[in-house]
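Based on the provided sequences and hints, a complete structural model is requested.
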Amino acid sequence: LCGDASLSALSAYPALSDADAVLVAASIKALTPCGMLISVSVDFGGIERVASVTDEGVDALAGAIATTCGEVASLKFGAMHFDVSRLFTPSPVMVINLLNLALGDHGMILLARMLLAGTPAPLQSLDLGWNAIGNGFGTLARAFKEPAVRQLTTSLSKLTLWNNALGDDALAELSSAIGIGALPGLRELRLHKTKLSDLRLPEFAEACKRLTTDRLDGNGKP
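If you're matching positions, the sequence shown starts at 466 in the working numbering and goes up one per residue.
Treat the hints loosely; a few may be bogus.
Think about it this way: if two alpha-carbon atoms lie no more than 30 Å apart in a straight line, the pair counts; the simulated DSS-like pairs of lysine-lysine are [what the hints assert, rightly or not]:
#  : residue 1 : residue 2
1  : K674      : K623
2  : K660      : K674
3  : K658      : K610
4  : K623      : K660
5  : K674      : K610
6  : K623      : K658
7  : K674      : K658
8  : K660      : K610
9  : K610      : K494
10 : K610      : K623
Bear in mind the hints are in silico, worked out from the structure with no lab data behind them.
See the structure below:
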């Protein structure tokens, strides 16, 4: 095989299951041996069709993508559209810009699994702004504490999360990660309009004292 290939869920199916996700993951691995396939696009259709896909299916997809050395070009998972090439472009450091792609909470689960599986270079910048992310960001924040991910993110200097309804619980996970020494190179954290309450604002400001920029405006409750 050569050229582009597309793996798409047929619209005749009303919903997708973990078994479907695992099948697509297996197909990705089968179609990309030794660089035979230039790219794969995976389209799961509308967000309502992936509601029953759990961590099992997400894990399978993440594992398949992480082992294909960048040959998977894009992944559309419900409302989420991942340009996977942004994650696997060979360079001394990685700048990942996923701004305004409607990744959602499923996207955070997938991104966490992909980071746990490893990336070809350390992260320098990660932009997740305006992505309809909610409490699911906590999954990614917890991944920052894992040894494998901590090694990849020691040089992460900029993390952008603005205009997502992350909320107190998810941001508490990030504060906890920073508090135990994860993301030691972080200098710029953009959290404006992320639904951080008045109760948590002082705690987060304390955890972020070492940062040069910590945009917290647009948070707090009246």
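Here's how the hints hold up against the structure:
no.: 1; hint: K674 with K623; result: holds, 15 Å
no.: 2; hint: K660 with K674; result: holds, 20 Å
no.: 3; hint: K658 with K610; result: holds, 24 Å
no.: 4; hint: K623 with K660; result: holds, 20 Å
no.: 5; hint: K674 with K610; result: holds, 19 Å
no.: 6; hint: K623 with K658; result: holds, 17 Å
no.: 7; hint: K674 with K658; result: holds, 19 Å
no.: 8; hint: K660 with K610; result: holds, 23 Å
no.: 9; hint: K610 with K494; result: holds, 29 Å
no.: 10; hint: K610 with K623; result: holds, 17 Å
Consistency note: the structure conflicts with none of the earlier hints.
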